[in-house]
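What follows is the residue order along each chain.
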Amino acid sequence: MSRRVGRRDFLRAGVAAGALALLPRGAPAAEPLVVATFPGTWNEAHRDVLAPYFRKKTGADVIQTIMLATDQVAKLEAAHGKPPFDVAIMDEGPLLDAVKAGVLEKYPVEKSPNYKDLVPAFQDPWGPKISLQVIGIGFNPKKIKERPKSWNDLFNPAYKGRVGLTALNSTLGMAFMVDLAKTRGGGESDIEPAFKALKELLPSVGAISANLGAHAALFQQEQIDIAPYNFNFVQTLKEKGVDIDFATLDTGIPAWRTSLHVVKNAVQPDLAVQYIDAHISPEVQEDMERSPYWVIPTNRKVPLKGEIVKQVAKSQDDLAKLKYQDWVKINQHRSEWIERFNRDIKL
Amino acid sequence: MTAAPAADGPEWRLLLPLGAFFVLFFAAPLIVLLLVSLSDGLALNAFSLTHYARFLSDSFSLSILVDTLALGAKATAVCLLFGLPVAWVCVHASPRLRSLLLFLVILPILTSVVVRTFAWIVILGQQGILNKTFLSLGLIDAPLRLLFSEVGVVMVLAQVQMPLMVLPLITTLQRIDPNLADASRALGAGHWRTFRRVILPLWLPGLVAGCILVFAACTTAFVTQTLIGGARLVYMPLYIYQQAAGANNWPFAAAMSVLLMISVLLVVYLLNLCGRSRWATRHG
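Protein chains in written order, with my numbering: chain F, 3 to 349; chain L, 630 to 913.
Possibly wrong hints are sitting among the right ones.
In silico DSS-like pairs for lysine-lysine, Cα to Cα no more than 30 angstroms straight-line [unchecked claim]:
1) K703(L) to K144(F)
2) K761(L) to K348(F)
3) K242(F) to K703(L)
4) K761(L) to K240(F)
5) K145(F) to K703(L)
6) K307(F) to K58(F)
7) K761(L) to K162(F)
Just so you know, these hints were derived from the structure itself, not from any lab.
Okay, chain F solo, but in the shape it has when bound:
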């Protein structure tokens, strides 16, 4: 109690504490790897399966930052070469944006022993495809007795007011519109049929979620009974006790690939590669292919199982043949379509 803190000490300590908080992120040895992950099941799978495996293997720590792909591209672009994270996670559309914006590093294949076990469709010079998202129709089996078969079922007058959609800023929304166009004579270069169908569908629509997180709440709160949805999100909700089932489409199963990337000027580029390689390792992929994650594995050494085999595909080679979309073409019009969709749906 004898030593009093003088005014100058106090000021110095205060200034030091303030300055510390403002210091930019450096790269001392103990600096953890910062990785981006998607909200929802993805961040749980990464936190509970991938991060522990990576920690055990490298001794390095991982910090997650939860962000949509479009937000990641925006942040990386705004950061001007001082990226706030080392590993990015992308869907096909935003990936093209990221490459165009020059915020990613080419993936050093030679440093990634598991890369060769991916089917060619899941290899990419910018970074391996770690999984894929399959879309179809999520529906409440208690309310909808007849299993949906195609997007046409959304137009069934019996479901008026119970149909859900999601805004086009998510890949699900965009992929749905493109596939809707394809089933009605259009496609990536001709979206018109989809917008025409949307006009027809709107009176039946009960809710349109502004983002994917809110999409789950629509089913949980029984605000809607039928909506385009991702295969693995439906499985997760089902296991949480929500009345929901997944139906694949007769018109072909649309899918897109999700990939991990080393960010340009990453603080921890080597750890980033090890983290990504861990994600495509048979151990991690096998561990993620289970309740409650149901992440579809892309490594040939991991057998497909459960609902995936029943509804989607028997092997990775089958997965490679799903109905993928041409995101180079989609990206040319993406912002225009988002804008148009928002205008068409506004109340």
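On the provided structure of chain F, position chain L as indicated by the hints.
The following block gives chain L in isolation, referenced to the frame of chain F:
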């Protein structure tokens, strides 16, 4: 004790840390925002007013701005309607009841806005608490559409922002000398006339302060607007986000941010003006 003018003594230096903080983290980003809104990209070259022109000449964009300001006005009105009686009761209650009421008023601030908003989803949904209660009471035949409706957004905003209205109301009402009301009544004015001619003018600064806070908070409440409103009710914050992150159109998003800021400041200025002028005419 006479306070020396701040500029004469060394005291003004106490403002330096906050001043520096403001310049660095508030003024500087604002200038960057303004520059981006005038440029054709993040590289900041080729300045022009095209983004402002595009917004102001587009009826869809303008309708979003109008909707946003109207939303703020509606939520502020609801806050005022419910806040005035609460503040009145709070001030005139016994000390113990008053602290309980104050605690209840502040309670909403103590939980995260995201958590509160999700709780409202459970309350407002088709199978939510409200609809189930109304249905079982036989008040309605089919579930009301509360979630993803403007009524729902106004309700939730009013609850979430209520403390911002009630707290300034309470502090100003407390400072009004109770003798004034007694004097007014002794001179023959009834309760209503006393309230209208004596209390209300004195209460006006608190009222205006509350309205300003609630209005500014409601027009920019991204989380509540998006989660309760859904994608079909577009307000400026969501629209700005869509343009920036979704469409990667930073300059347009920046221009919209500047326009939203100007419109909100304009409303705040008008509110302030109306508070002051009445104050001045009656008590100047």
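Results of checking the hints against the structure:
no. : hint               : in the structure
1   : K703(L) to K144(F) : violated (39 angstroms)
2   : K761(L) to K348(F) : holds (28 angstroms)
3   : K242(F) to K703(L) : violated (38 angstroms)
4   : K761(L) to K240(F) : holds (23 angstroms)
5   : K145(F) to K703(L) : violated (37 angstroms)
6   : K307(F) to K58(F)  : holds (27 angstroms)
7   : K761(L) to K162(F) : holds (21 angstroms)
In summary, the structure is inconsistent with hints 1, 3, 5 from the numbered list given earlier, while agreeing with the others.
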